[in-house]
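Visitor: Sequences listed follow chains Y and E, in order.
Under my numbering, the first sequence has 202 at position 206, and the numbering climbs by one with no breaks.
Quick note, my numbering runs 1 ahead of the 1-based positions in the second sequence.
Treat the hints as calculated values from the structure; they're not laboratory data.
Be a bit skeptical, because a hint or two may be false.
[Stated by the list, open to error] Restraint-style ranges between C-beta atoms, simulated for each label pair:
id: 1; chain 1: E; residue 1: ARG107; chain 2: Y; residue 2: ILE257; range: 25 to 31 Å
id: 2; chain 1: Y; residue 1: VAL218; chain 2: E; residue 2: GLU205; range: 56 to 62 Å
id: 3; chain 1: Y; residue 1: ASP175; chain 2: E; residue 2: THR294; range: 49 to 55 Å
id: 4; chain 1: E; residue 1: ALA231; chain 2: Y; residue 2: VAL16; range: 27 to 33 Å
id: 5; chain 1: E; residue 1: ALA198; chain 2: Y; residue 2: ARG50; range: 26 to 32 Å
id: 6; chain 1: Y; residue 1: LEU52; chain 2: E; residue 2: ARG272; range: 27 to 33 Å
id: 7; chain 1: Y; residue 1: LEU52; chain 2: E; residue 2: SER73; range: 44 to 50 Å
id: 8; chain 1: E; residue 1: GLY257; chain 2: Y; residue 2: ILE257; range: 36 to 42 Å
id: 9; chain 1: E; residue 1: LEU85; chain 2: Y; residue 2: ASP175; range: 56 to 62 Å
id: 10; chain 1: E; residue 1: ARG111; chain 2: Y; residue 2: ILE257; range: 21 to 27 Å
id: 11; chain 1: E; residue 1: LEU199; chain 2: Y; residue 2: ARG221; range: 50 to 56 Å
id: 12; chain 1: E; residue 1: ARG55; chain 2: Y; residue 2: SER137; range: 29 to 35 Å
id: 13; chain 1: Y; residue 1: PRO165; chain 2: E; residue 2: THR294; range: 38 to 44 Å
id: 14; chain 1: Y; residue 1: ARG221; chain 2: E; residue 2: ARG272; range: 57 to 63 Å
Keep in mind the model is a prediction, meaning the values are calculated, not measured.
For each residue, glycine too, the CB sits at the ideal point set by N, CA and C.
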Amino acid sequence: MSRDRFERRMFAVLRPLAIVFLFLITAFPFLYMVMLSVRDIQELILEPGSLWPRDLTLDTYVDVLTRQGFLTFLRNSTIVAVASVAVTLLVSIPGAYAVARLRFFGRRQVHVLFLAVYLFPAIVLAIPLFVLLTMLGLRGSLAGLILVYIAQTVPVTVYMLRNYFETVPQSVEEAAAIDGCTRLSTIWRVVLPLSKPALMATGLYAFMIAWNEFLFALLFLVERRESWTVSLGLSQLAGSIEVPTTVLMAGSVVLTLPIVIVFFAGERLLTEGLTAGAEKG
Amino acid sequence: MSPLMRPRTLREQEGRAGLALISPTLVITLVVVVLPLLWAIMLAFQDVRLINIRQVGLFGRYTLENFSYVMSEPGFWPALVNTLVYTVAGTALSIAIGLVTALALRDRFRGRTLVRAAVLIPYVAPVVAVAFLWETMLNPQYGIVNTWLSEPIAFLTQAKGEFLGVEVPVALLTVIAFEAWRYFPFAFLFILARLQALPAELDEAAVVDGATPTQRFRYVIMPQLWRIIALLSVLRFVFTFTKFDDVYLLTGGGAGTEVVSVRVYTFLTARDDIGASAAQAIVLAIFLVVFLTLYLRFFAGSTGERP
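Kindly produce the complete structure, drawing on both the sequences and the hints.
Guide: Okay, here's the thing in structure tokens:
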């Protein structure tokens, strides 16, 4: 058998094996998460190895949402994420347009600043912000948290949107100008409608950061239980022994499901945006 | 308009509009990122605690004590070594698995969409949820992984264990495995995008010339992937080196997994020593820059030799 045929056969076997392995290590933990969330804690302790619950129960969800306060946490997380997305878009759309289209003083240097913020370690930033919020007595308020998330996402979203705005043909904008549009109405009536996929991708990115973030939520909110986000709530309750693991698993599902749904709803747009950028370079 | 002022040229108007549109972005990054960073540097040189923060002025006593104190603490250097091991291993593993995944999922097959979606979930899901999931799965009493083993292993709370007669750092390896598992989708997405943008002609020409699959991978595909892999390693190195969430949530820094960022957090909250915490964070950032420079020099040298 020639080397070529040997290798082809080897990969014909190895590739499906790799695919099955990858699927198992990624899908199984999440299947396990869902399975644990619908059973009683007694059953888990008696039969830790069984996957399928003998008695299906949804009490865990009722418990976690009401008694453990996850409904409040969900509300907080939603406020934080939606506000972050809205303000991030509001700030980064004009910014990205300026970088893409207008020649202004310092336009080239702006990229360096954005890259620096993107790569900047959050843990260094956490110290002064923690001290500042403590001094201002703002620890426990969601507004401070939203502000930090916006500052962390805006540089990246400006960059993402700029890449897309540059693909909008300049002639379309010139036509709008001749028809009497001012600069702002050109952005509003011409550029934005043409950039819907990029706007969705950008909003999705901002949403993911705000929904999943942990460090700043921990530093800013931990002392006020009624301000906890879902992430913070789960991490705090996971340390206590009073709350059964299966109830917390229900909490994990509550935390994970929204972001997975949002991601896969908008995923095509996000990866298309990424790939479009990759092809150019 | 006064007669001395000439009307602005279009170019000047454009410049003003540009600055006006970018200014919200600049203001928010300046206020929330740049100024706090400068303040963090100042705090590192002062003796500050939350109690005396109001007395320490902008021009208070500056000292190097925080730095000498932090670096002479017995836990600091082991934590730095942990950070480096954790970062290098986590980065390398996540990129390697991401590369394998991208190659395996490159061509169509039945169910590819499902597998692709599954593979992305570890990266998309919130870190708190997946860390708790790992903790539960690896729990020595009721975790499902330990029901498959003949003897339960305390993956996250045991510093040292024996594997085939060799002493291994159990918890540190578990944390590294978590890192690889959570971030390989990130590498996968980038590498797959690059793979799909590669011109098919080169690969086809190599097939015609009789190149075997491994030869095509080595001489046709890999040379075109080096750049994206280099970029990914820089990104993942930078992100992992200062990462706090993953280790803190999995082990709390116990069982020989303490990394510097967890120490920064402990100094800030439990010890209420802001100065020392800031000094430690800045030392961490300096080491990051040093390692990154070394890496870039090494890597730039090795790619320069390639034809």
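Visitor: Is 29 to 35 Å right for how far apart the beta carbons of E:ARG55 and Y:SER137 are?
Guide: For Y:SER137 against E:ARG55, whose Cβ atoms are near 20 Å apart, the range 29 to 35 Å is violated.
Visitor: Quick check: does the Cβ-Cβ distance between Y:ARG221 and E:ARG272 fall within 57 to 63 Å?
Guide: violated (24 Å)
Visitor: Starting from the hint 38 to 44 Å, judge whether the C-beta atoms of Y:PRO165 and E:THR294 obey it.
Guide: The hinted range 38 to 44 Å holds for Y:PRO165 and E:THR294, with Cβ atoms some 42 Å apart.
Visitor: Against the range 21 to 27 Å, how does the distance between the Cβ atoms of E:ARG111 and Y:ILE257 compare: consistent or not?
Guide: holds (25 Å)
Visitor: Given a hinted range of 50 to 56 Å, is it respected by the beta-carbon distance of E:LEU199 and Y:ARG221?
Guide: holds (52 Å)
Visitor: Between Y:LEU52 and E:ARG272, is the Cβ distance one that fits in 27 to 33 Å?
Guide: Violated: the Cβ-Cβ distance is about 47 Å, outside 27 to 33 Å.
Visitor: Can you tell me whether the CB distance of Y:VAL218 to E:GLU205 sits inside 56 to 62 Å?
Guide: holds (58 Å)
Visitor: Measuring from beta carbon to beta carbon, are E:ALA198 and Y:ARG50 in 26 to 32 Å?
Guide: Check failed, 50 Å falls outside 26 to 32 Å.
Visitor: Do the Cβ positions of Y:ASP175 and E:THR294 conform to the proposed distance bound of 49 to 55 Å?
Guide: holds (53 Å)
Visitor: Please test the hint of 56 to 62 Å on the beta carbon pair from E:LEU85 and Y:ASP175.
Guide: holds (60 Å)
Visitor: Against the range 27 to 33 Å, how does the distance between the Cβ atoms of E:ALA231 and Y:VAL16 compare: consistent or not?
Guide: For E:ALA231 and Y:VAL16 the Cβ distance comes to about 31 Å; the hint holds.
Visitor: Assuming the hint says 25 to 31 Å, is it satisfied by the Cβ distance from E:ARG107 to Y:ILE257 or not?
Guide: This hint holds: roughly 27 Å between Cβ atoms.
Of the hints listed earlier, those the structure fails to meet are numbers 5, 6, 7, 12, 14, in rising order.
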